[in-house]
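Line by line, the protein sequences give chains A and B. At position 109 of the first sequence the residue is numbered 109 (full-length UniProt numbering), and the sequence of numbers has no breaks. At position 177 of the second sequence the residue is numbered 177 (full-length UniProt numbering), and the sequence of numbers has no breaks.
Take these hints with a grain of salt, some might be off.
One copy or two, it doesn't matter: identical chains are merged, so the pair holds either way.
Straight-line distance between alpha carbons at most 30 Å, and here's what the computed BS3-like set of lysine-lysine pairs gives [claimed, not checked]: (1) Lys-154 - Lys-277; (2) Lys-117 - Lys-221; (3) Lys-301 - Lys-117; (4) Lys-182 - Lys-278; (5) Lys-193 - Lys-277; (6) Lys-154 - Lys-251; (7) Lys-211 - Lys-247; (8) Lys-247 - Lys-277; (9) Lys-80 - Lys-154; (10) Lys-301 - Lys-251; (11) Lys-220 - Lys-278; (12) Lys-193 - Lys-278; (13) Lys-146 - Lys-80; (14) Lys-251 - Lys-278; (15) Lys-301 - Lys-174; (16) Lys-174 - Lys-146; (17) Lys-193 - Lys-146; (18) Lys-251 - Lys-174; (19) Lys-260 - Lys-211; (20) Lys-174 - Lys-80; (21) Lys-182 - Lys-247.
It should be emphasised that the hints constitute simulated quantities derived from the structure, not laboratory data.
There are 2 protein chains.
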Amino acid sequence: TVLSQVWYPLTVATISRINKHVLHHYLTLTHGDPSLAPFLLHDCGYRGVSSVESAAIGAAANLIHFQSSDTVAGTCLLRKYYHLEGVGGYSCNCSEHSCVTSWGRDQEVAAHAHLIKTNPGVDVGCVVDSYDIWHCLEDMFGGELKELVLEHGKNGHVVAVRPDSGDHCTVILKCLDILESKFGSETNSLGYKRLPPYLTVAQGDGMDYRKMASVLEVLKKNGWSSTNVGFGAGAALLQKMDRDTLKCAFKCSFAVVEGKEINVYKQPITDPGKTSKKGRLSLHRDEEGNWSTAQEGTGDKDTDQLMTVFENGELLRDFTCDEIRQRAVITPQDIDIIHFLNQQDN
Amino acid sequence: TVLSQVWYPLTVATISRINKHVLHHYLTLTHGDPSLAPFLLHDCGYRGVSSVESAAIGAAANLIHFQSSDTVAGTCLLRKYYHLEGVGGYSCNCSEHSCVTSWGRDQEVAAHAHLIKTNPGVDVGCVVDSYDIWHCLEDMFGGELKELVLEHGKNGHVVAVRPDSGDHCTVILKCLDILESKFGSETNSLGYKRLPPYLTVAQGDGMDYRKMASVLEVLKKNGWSSTNVGFGAGAALLQKMDRDTLKCAFKCSFAVVEGKEINVYKQPITDPGKTSKKGRLSLHRDEEGNWSTAQEGTGDKDTDQLMTVFENGELLRDFTCDEIRQRAVITPQDIDIIHFLNQQDN
Numbered sequence: 001t002v003l004s005q006v007w008y009p010l011t012v013a014t015i016s017r018i019n020k021h022v023l024h025h026y027l028t029l030t031h032g033d034p035s036l037a038p039f040l041l042h043d044c045g046y047r048g049v050s051s052v053e054s055a056a057i058g059a060a061a062n063l064i065h066f067q068s069s070d071t072v073a074g075t076c077l078l079r080k081y082y083h084l085e086g087v088g089g090y091s092c093n094c095s096e097h098s099c100v101t102s103w104g105r106d107q108e109v110a111a112h113a114h115l116i117k118t119n120p121g122v123d124v125g126c127v128v129d130s131y132d133i134w135h136c137l138e139d140m141f142g143g144e145l146k147e148l149v150l151e152h153g154k155n156g157h158v159v160a161v162r163p164d165s166g167d168h169c170t171v172i173l174k175c176l177d178i179l180e181s182k183f184g185s186e187t188n189s190l191g192y193k194r195l196p197p198y199l200t201v202a203q204g205d206g207m208d209y210r211k212m213a214s215v216l217e218v219l220k221k222n223g224w225s226s227t228n229v230g231f232g233a234g235a236a237l238l239q240k241m242d243r244d245t246l247k248c249a250f251k252c253s254f255a256v257v258e259g260k261e262i263n264v265y266k267q268p269i270t271d272p273g274k275t276s277k278k279g280r281l282s283l284h285r286d287e288e289g290n291w292s293t294a295q296e297g298t299g300d301k302d303t304d305q306l307m308t309v310f311e312n313g314e315l316l317r318d319f320t321c322d323e324i325r326q327r328a329v330i331t332p333q334d335i336d337i338i339h340f341l342n343q344q345d346n
Numbered sequence: 001t002v003l004s005q006v007w008y009p010l011t012v013a014t015i016s017r018i019n020k021h022v023l024h025h026y027l028t029l030t031h032g033d034p035s036l037a038p039f040l041l042h043d044c045g046y047r048g049v050s051s052v053e054s055a056a057i058g059a060a061a062n063l064i065h066f067q068s069s070d071t072v073a074g075t076c077l078l079r080k081y082y083h084l085e086g087v088g089g090y091s092c093n094c095s096e097h098s099c100v101t102s103w104g105r106d107q108e109v110a111a112h113a114h115l116i117k118t119n120p121g122v123d124v125g126c127v128v129d130s131y132d133i134w135h136c137l138e139d140m141f142g143g144e145l146k147e148l149v150l151e152h153g154k155n156g157h158v159v160a161v162r163p164d165s166g167d168h169c170t171v172i173l174k175c176l177d178i179l180e181s182k183f184g185s186e187t188n189s190l191g192y193k194r195l196p197p198y199l200t201v202a203q204g205d206g207m208d209y210r211k212m213a214s215v216l217e218v219l220k221k222n223g224w225s226s227t228n229v230g231f232g233a234g235a236a237l238l239q240k241m242d243r244d245t246l247k248c249a250f251k252c253s254f255a256v257v258e259g260k261e262i263n264v265y266k267q268p269i270t271d272p273g274k275t276s277k278k279g280r281l282s283l284h285r286d287e288e289g290n291w292s293t294a295q296e297g298t299g300d301k302d303t304d305q306l307m308t309v310f311e312n313g314e315l316l317r318d319f320t321c322d323e324i325r326q327r328a329v330i331t332p333q334d335i336d337i338i339h340f341l342n343q344q345d346n
């Protein structure tokens, strides 16, 4: 049934919101304005999901919170079913390892130069660890390619350098230090440093919200604004999850048998944690923003947050992508994300 | 590209083969004949995957090794693309928790009786832990329902009782002991006990090959043949995997640039483990059955196991489901599965 298919978009959208929360938090602390958050985590999960249909569903769920994506199938789904006009996620021209390595090891600098030169009007992303990342940043981007980078910047476009191996925090910090030594930096009103606006670091490689939080914390401690780094994620956004991730189990709670209403529930003695909710359920939110479920019909119907969307094959509420995005905006009523992550650790 | 889509079926089929290996191993030790293996792990993963398309691809990959499945989409795919006739996987009539709990807690025994009575010609599976699993087995299946179970058995059909919570090994062992005390057991030629042929235990709930191996080892130590238990798995068969599970990364290794052949590879200094293979590659198998990859064109072309399947949009080799299943049969050249699992733990 359609019910058994909702765990996946629901789980992606929830994890995706935690990701945005983390970015939001550090942007507020080190930059002041969190509105950049939807552009700082790029969905590169197309190749990492189990099918094209999953790519479409997962990417669309992620696009509720983010607007940076290479998983085009997500935009197609939102245009078809959620009245989206235009595109759901934006991208730029980036090199993969094979774009660099197929030039041959001796020609690495020519590969990067080619990417920048042939993309004069757009932001570009260059993978820099095909061989020796430090040589690449010091001598190529900070040396032979420097004029090209500056010219790209003068035209209003960004060059992102992408490390793709090693310890995330150590590598990113060292990348920033090298780029600062070659291109300088500015300090913002909150006292955090920013590379020139035409330079940024793009970090993928096994990224999830915990790793993102650890990188941004290290950047903060070292005086760097979180705007110096954009992240990319694939499997962690769209594949590494299952029904256990958010404990998505659907159980019958109520039935009418021969005219008689009965509460339905399971309560296995070998695992009390699997006891299910019983009777008519309703969902409520108090003034502090906390959610709770009322069982056995005890909830106030007038404040029930559950609503019927599908009924007997009919779509009763046709939400647009814009409405859903608006509803998902992070507000002061939301949880303290760092406190939440620490709780999960304990 | 189609290349980026192969990691998923490839990973499912590999994990699935490890599952069959484990069953094969314990059937050989405690029963003598491993040919039952393809029927002892049931795919109930449809609700646990991220889309219908993923269900089809994953279930089809699993059906290379198994013939027990509720994920009908897998059969549809094999019929459409791999010349399968008939069905790929068989099933029986089983209750879910809601089938039992919607009768009301007081009517549990009636729910089980209903399932057995209304399915006279087929094997049935009864989930027994909705409330008190021991009460259910002792007093219902071993008491009030005993005559029904015996009659079902006389007609040549099996009643499987399905625990679904608690510690796998402890719960299964106790289930077997209770059923033995009520229905007796027989000892096979290898000295292992078997419940009467019309009775079996079906174990799902978070099953994977490690848990399956631990359950079968405990059964063996306690004198029970592995034929007393059938397993079910959902997420572990079809969802809990990603490109990192088997390190499925596709890298360019060879290119011809302006007529010149070059070896293409990456070798990041921040993670030597990510160094990729270079040049023309070929795949070889020695007399002991060990596989190896030859790089830079050094392999003997005549013994290369790689073959072209798709080329320029054309399907050059059209394998049938039967051929693939035949190729995947476990032989004496295969690894020692318990040794392999122990290696993975260290």
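For which of the previously enumerated hints does the structure constitute a violation, in increasing order of number?
-> 1, 2, 3, 4, 5, 6, 9, 11, 12, 13, 15, 19, 20 and 21
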